[in-house]
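*Asks:* Sequence:
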Amino acid sequence: MAVDGRLFDHLPDRIIPVDELRDLLLDQRCPRRVWDQVWAHVISRARIEGSTWTITAVGLALPMLTPLAARLTERYADDPSDIHAEVLRGFLDALRTVDLAEGRITVRLRWAAYRAGHRALLDGMDGPTPKPPGFHSSEPKPPSGHPDLVLARAVKAGVLNRTEAELIGATRLEGIELADWPRPPGLTYKTLAKHRRKAENRLAAWLAESDTSPDDGDPTGAAATTWQTSNEMTGVESQSQNVAKKVGGDAANQPPNSGLQGRG
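Quick note: the sequence shown uses this note's numbering, first residue 7, plus one each step.
Calculated directly from the structure, the hints in this document are not laboratory data.
Mixed in with the good hints there might be a few duds.
[Unchecked claim] Derived CB-CB ranges, DEER-like: (1) P23 to K196: 40 to 46 angstroms; (2) D132 to L184: 44 to 50 angstroms; (3) P18 to G65: 18 to 24 angstroms; (4) I21 to P188: 27 to 33 angstroms; (5) K196 to R95: 20 to 26 angstroms; (6) R12 to D132: 49 to 55 angstroms; (7) A211 to L68: 37 to 43 angstroms; (8) R208 to S57: 42 to 48 angstroms; (9) R208 to E55: 45 to 51 angstroms.
[Said to hold, decoys possible] Heads up, simulated EDC-like pairs for lysine to aspartate or glutamate below, C-alpha to C-alpha not over 16 angstroms straight-line: (10) K200 to E170; (11) K204 to E172; (12) K204 to E170.
The beta-carbon is built from N, C-alpha and C at its ideal position, and this holds for glycine as well.
Make a model of the complete structure from these sequences and hints.
*Replies:* As structure tokens, this is what we get:
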């Protein structure tokens, strides 16, 4: 499998094997516009030619799908295979539907995979745990201090809408620059930053008001002790580690040797 490098900016003017292409795209010197050019080409071929180029697209995406799947399941006590599968399904669904003319294709693909995996994580956390013999249901497991679950509870409580939670999660926890977030047409960077700031202020106030003992298993209570100190929520990634320590202790499982995490 290879592409013609002459079709793209910045790439060598020769036939490029896809494994080399992946390395070229990961190079920090590679302009982001080249990412869109390459992904538009690969997705177009996957839509036209089917399975071979679909698998090629997955191979190119593994460097972003692997850490995403690992982060979603780092504190998940059960088998993470279903969540990994949902991450992949979300990515494959986006291959068929993402608008290639809008740009920031990589961000859109990654966010689609994240949303699918996050929904599966919430379903897994809320479901009953089967116990032998007979696999009778038990009470759902108490949630861990995962910051994504705090955002999900804020949406459920009406403090944030889904778009605001996705915006905070992507730009504060996922390392996506605000300028790279796929904002709606006509919405400026300055306006988007203002919306995020207002949403974070509401979230911080809600966390402060809902402060409870960490012993009750509610991650929002422990989260309040770390997140309410800054309405801008700068450094949430390091703070979320403190939340996890207060609520759930050490990580419940190590990365498996198979699945997306096993790809390294």
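*Asks:* Check whether the Cα positions of K200 and E170 lie no farther apart than 16 angstroms.
*Replies:* Holds, at roughly 11 angstroms.
*Asks:* If I claimed the Cβ atoms of P18 and G65 lie 18 to 24 angstroms apart, would that claim hold in this structure?
*Replies:* Holds - the Cβ-Cβ distance for P18 and G65, about 19 angstroms, lies within 18 to 24 angstroms.
*Asks:* Take a look at whether the Cβ-Cβ distance between R12 and D132 falls inside 49 to 55 angstroms.
*Replies:* For R12 and D132 the Cβ distance comes to about 51 angstroms; the hint holds.
*Asks:* Using the Cβ atoms, figure out if A211 sits within 37 to 43 angstroms of L68.
*Replies:* Distance hint for A211, L68 holds at roughly 40 angstroms.
*Asks:* Indicate whether the distance between the beta carbons of R208 and E55 respects the range 45 to 51 angstroms.
*Replies:* Cβ of R208 to Cβ of E55: about 47 angstroms, so the range 45 to 51 angstroms holds.
*Asks:* Note whether the CB distance of I21 and P188 lies within 27 to 33 angstroms or breaks it.
*Replies:* Once the Cβ atoms are compared, 32 angstroms apart, the range 27 to 33 angstroms for P188 and I21 holds.
*Asks:* Check the hint pairing K204 with E170 against an upper bound of 16 angstroms on the C-alpha distance.
*Replies:* holds (10 angstroms)
*Asks:* Quickly compare the C-alpha distance for K204 and E172 to 16 angstroms and report which way the hint goes.
*Replies:* holds (14 angstroms)
*Asks:* Has the hinted range 44 to 50 angstroms been met by the Cβ atoms of D132 and L184?
*Replies:* At 31 angstroms between Cβs, range violated.
*Asks:* Can you let me know if the beta-carbon spacing of K196 and R95 is within 20 to 26 angstroms?
*Replies:* Roughly 36 angstroms apart at Cβ, these two residues miss the hinted range, so it is violated.
*Asks:* Is the gap between the beta carbons of R208 and S57 within 42 to 48 angstroms?
*Replies:* Because 46 angstroms falls inside the window, the suggested range holds.
*Asks:* In this structure, is the beta-carbon distance linking P23 and K196 contained in 40 to 46 angstroms?
*Replies:* holds (43 angstroms)
Comparing the model with each numbered hint stated earlier shows that hints 2, 5 do not hold.
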